[in-house]
Amino acid sequence: MTHPVLEMHQITKRFGSFTAIDDVTLTLGQGEILALLGENGAGKTTLMNILFGHYAAEAGRVRVFGQDLPSGRPRAAIEAGVGMVHQHFALAGNLTVLDNVMLGSESLWRARTARGAARQKLLKIADRFGLPVDPEAKVNRLSVGERQRVEILKALYRDARVLILDEPTAVLARPEAQRLFETLREMATEGLSLIFISHKLPEVMAASDRVAVLRSGQMIAERKTAETSPGELAELMVGRKVTRPVRQDHPIGAPVLIARNLSREDDGETQLQDVSFTVNEGEILGIVGVSGNGQATLSRLLSGLAAPTSGTVMLSGTDIRMLGPRGLIAARAGRVPEDRLTEGVVADLAIWENAILERIRTPAFSRHGFVRRAAARDYADELITRFDIRGATPETRTGQLSGGNMQKLILGRCLSIGPKFILANQPTRGLDEGAIAAVHETLLEARSQGAAILLISEELDEAVALSDHIQAIVKGRLSLPVASAEANAQRLGLMMAGIWEGGDHAA
Amino acid sequence: MRLERRSHVPLHLAFLAPVSAVLVALFLAAGLIAAAGVSPLTAYTELVRGAFGSRLALSEMLTRATPLIFTGLAAAVAFRARLWNIGAEGQFFMGALMTAWVGHSLSLPGPLGMIVLMLIGMAAGAALLAGPAFMRLRFGVDEVVTTLLLNFIVLLFVGLMIEGPLRDPLAFGWPSSVPVDGAYRLPDLIPRTRLHCGFLVALGAAGAVWLVFARTVFGMESRATGLSGSAARFAGISLPGTLMRVALFSGALAGLAGSVEVLGVTAGVTTTMSPGFGYAGIVVAMLAALHPVGVVGSAIFVATIFVGADAMSRATGVPSFIADVIVALCLLTMLVALLFTTHRVRR
Chain C
4 MTHPVLEMHQ ITKRFGSFTA IDDVTLTLGQ GEILALLGEN GAGKTTLMNI LFGHYAAEAG
64 RVRVFGQDLP SGRPRAAIEA GVGMVHQHFA LAGNLTVLDN VMLGSESLWR ARTARGAARQ
124 KLLKIADRFG LPVDPEAKVN RLSVGERQRV EILKALYRDA RVLILDEPTA VLARPEAQRL
184 FETLREMATE GLSLIFISHK LPEVMAASDR VAVLRSGQMI AERKTAETSP GELAELMVGR
244 KVTRPVRQDH PIGAPVLIAR NLSREDDGET QLQDVSFTVN EGEILGIVGV SGNGQATLSR
304 LLSGLAAPTS GTVMLSGTDI RMLGPRGLIA ARAGRVPEDR LTEGVVADLA IWENAILERI
364 RTPAFSRHGF VRRAAARDYA DELITRFDIR GATPETRTGQ LSGGNMQKLI LGRCLSIGPK
424 FILANQPTRG LDEGAIAAVH ETLLEARSQG AAILLISEEL DEAVALSDHI QAIVKGRLSL
484 PVASAEANAQ RLGLMMAGIW EGGDHAA
Chain L
51 MRLERRSHVP LHLAFLAPVS AVLVALFLAA GLIAAAGVSP LTAYTELVRG AFGSRLALSE
111 MLTRATPLIF TGLAAAVAFR ARLWNIGAEG QFFMGALMTA WVGHSLSLPG PLGMIVLMLI
171 GMAAGAALLA GPAFMRLRFG VDEVVTTLLL NFIVLLFVGL MIEGPLRDPL AFGWPSSVPV
231 DGAYRLPDLI PRTRLHCGFL VALGAAGAVW LVFARTVFGM ESRATGLSGS AARFAGISLP
291 GTLMRVALFS GALAGLAGSV EVLGVTAGVT TTMSPGFGYA GIVVAMLAAL HPVGVVGSAI
351 FVATIFVGAD AMSRATGVPS FIADVIVALC LLTMLVALLF TTHRVRR
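Chains C and L, in that order, give the protein sequences.
First residue of the first sequence? That's 4 in our numbering, and the numbers climb one at a time after it.
First residue of the second sequence? That's 51 in our numbering, and the numbers climb one at a time after it.
None of these hints come from the bench; they were simulated from the model.
Among the hints, erroneous ones may be present.
Output of the computed footprint for chain L on chain C, the stretches with three or more beta carbons under 8 Å from beta carbons of chain L [said to hold, decoys possible]:
| id | region |
| --- | --- |
| 1 | 306-318 |
| 2 | 351-359 |
| 3 | 362-369 |
| 4 | 372-384 |
All C-beta atoms, glycine included, are put in the ideal place defined by N, C-alpha and C.
The task is simple: from the sequences and hints, build the whole structure.
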């Protein structure tokens with residue numbers, strides 16, 4: 004390694020009695036891409052907050068380009084040439100790209116802005132690092148991938164020579180992520196040094212030179228990417244051997260959910276067009292596709308939040324188009340929403356309240372308009388035990404749960420109605436490896452008990468591992484199903500690009 | 051320095067917040083009192099004496115607290131579901147006017163008549179809020195604007211009615227509506243004071259609101275709606291249905307405030323019968339952190355300030371407007387205090 008551009012030496016940070024970062028040492032070389040790998044809560048973000056002076060560490064020092072950084076001064080790191088691209092973008096949508104890039108980098112006391120010079124500088128940087136951009140485009144018209152590019156440019160514009168990206172692919176579709184990695188590589192060749200924070204193994208393997216694994220605030224291991232394997236990294240990250248469960252072939256039963264020629268228009272725009280599919284007893288049907296191709300609408304239709312403009316959906320012979328959420332649950336259809344926090348649970352309610360919210364008007368949980376609190380608490384207790392929801396009592400505020408445990412609550416709630424059909428929309432998004440395995444396990448168990456499951460996923464590995472059949476969704480249209488045994492990455496890639504044989508799946 | 055959301059609000063903070071908010075507000079107002087040339091300590095002593103110093107003072111204070119409990123509950127019910135009802139003042143007057151009007155010529159046995167008249171007041175308040183609620187749910191019209199502006203329309207309407215069709219011919223030219231029949235006046239709680247049984251109705255209402263929120267399906271659904279509309283909808287709760295019911299509930303409580311004030315205190319309606327009970331109800335609800343039982347305590351506090359300030363003004367010469375200043379300051383300091391209960395400061 005050449006002389007390190009960034010050194011974090013024996014950093015320790017405590018919050019009260021809790022040690023968030025324990026004696027961590029980390030170095031970054033010139034032109035290197037380092038992946039900081041760890042599960043949610045391992046301390047990755049805390050470590051970066053110390054680097055940026057948002058937190059003051061109890062012990063240790065930070066050196067950038069051989070200079071000590073004073074602790075607790077956020078501007079010091081930026082002035083020393085370290086830039087950060089956050090997971091959630093901080094861009095003003097109604098301003099242009101150039102405005103956003105310039106924002107905050109100009110002196111407050113100058114009467115005029117030097118737009119011309121700034122524009123030149125931005126275009127030069129964009130050209131040098133292969134980040135094409137239109138300086139005059141309004142940010143709210145850009146795609147997510149383009150917005151991320153603007154965030155990167157913002158850091159580079161402030162002369163960052165070390166760039167830190169926090170979970171950069173969390174919001175990106177696969178092709179966009181691919182492009183991001185190419186850009187990172189190009190930036191490294193141009194002499195920038197990069198750290199990217201992630202808990203996803205495939206992208207760490209694909210994009211980094213070196214991996215540092217953080218677990219419970221401790222630096223567990225460092226590996227050259229070329230000399231390690233996803234299996235080894237997974238084990239280091241989780242601290243034990245985690246294997247995702249594998250689908251076993253078993254006989255598939257009669258059709259449970261039959262959708263025929265579903266279409267849906269919103270505000271004159273076609274969201275779903277002539278979509279047909281069948282999910283059978285004991286079968287998982289995977290719907291893959293780049294996000295924004297109609298998955299949200301399909302999910303709304305099957306969650307009872309919207310009705311199709313035309314077409315039919317039958318669940319065991321019952322028309323479920325107009326049932327609404329509670330009617331669906333009464334018809335024994337379970338629903339796992341895409342977003343746990345905005346749809347799955349009310350974060351400020353207790354666990355027992357979220358456990359029964361969907362079924363609060365059933366005799367099991369209310370009588371004469373009054374909530375049967377004892378019954379509800381017992382039920383919540385049962386869910387907590389049966390689905391291994393950690394760190395929870397029925398009274399715990401639901402927002403305190405980790406993502407994985409919250410998802411267990413939502414899945415548990417779903418499964419306890421003995422569902423004939425389950426809609427699982429992105430059930431593992433944002434979860435760490437251990438929680439993903441638990442969710443997969445639960446879904447496969449429901450499958451072997453005969454539930455028909457529709458899995459909407461952007462993760463191809465997940466879709467292939469769990470599904471019996473796979474269909475791709477592109478611009479609101481659905482491909483013919485393929486057996487997942489016959490699906491390889493190339494074929495699925497083509498399907499997701501809208502190229503499939505035999506036209507649409509028509510009834 | 052940054053604010054970080056607490057994962058859990060400790061119980062002692064929930065009690066500490068209103069207390070410290072009130073102390074800071076009183077401290078700030080002390081500056082104004084000192085500027086008026088009076089020792090704040092003297093002024094506050096007079097204020098407390100004016101509200102608690104005698105049987106009469108105490109009963110006056112509780113009389114004043116009664117409508118504040120109702121309007122505070124009205125605000126708490128609506129705000130919990132994120133329905134911003136700023137129109138309790140208008141609903142108060144509507145409830146009062148309808149009660150006086152019907153109560154003037156009603157012929158029912160006394161106790162039954164009282165109940166009917168209170169129900170009429172509740173219906174009037176609920177009906178007044180139903181319009182803005184419908185416009186919000188159907189067309190997305192901001193209810194802060196509509197409910198606030200309706201207050202002025204209602205007040206002018208009340209003025210019109212008591213100058214015209216409902217004018218009391220026996221009021222010697224004072225603009226007042228006809229009074230309710232004496233048979234329906236709420237009995238005194240303490241003899242020879244103005245404190246009436248409406249205070250007990252207010253306490254009952256606070257208990258009932260608590261029961262509804264803590265124990266019923268409707269209460270849980272309206273809390274869920276207020277905390278996260280999208281998650282409530284996913285769970286199959288009808289947002290328009292819930293919000294409309296919340297609006298009727300809230301409007302009814304504010305209407306009941308007016309009704310009870312007429313039945314218990316004024317008998318007739320005048321445009322000056324409320325020193326801003328509807329608006330003060332917002333402060334009462336906020337000081338109680340929207341908790342229905344807390345509303346009783348904070349209504350008593352706000353009534354203390356209002357009643358005590360008059361006595362203080364007589365004794366020291368500080369203008370009684372200081373009461374409005376203190377109450378307004380309390381709202382501001384409470385908002386800050388609430389921020390610190392839900393968030394912690396991190397360096």
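Hint check:
1. 306-318: n = 3 at 8 Å, threshold three: holds.
2. 351-359: Contact hint for the region 351-359 of chain C vs chain L: holds, 3 residues under 8 Å.
3. 362-369: It holds: at least three residues are needed, and the region 362-369 of chain C offers 3 whose Cβ sits within less than 8 Å of chain L.
4. 372-384: It holds: at least three residues are needed, and the region 372-384 of chain C offers 4 whose Cβ sits within less than 8 Å of chain L.
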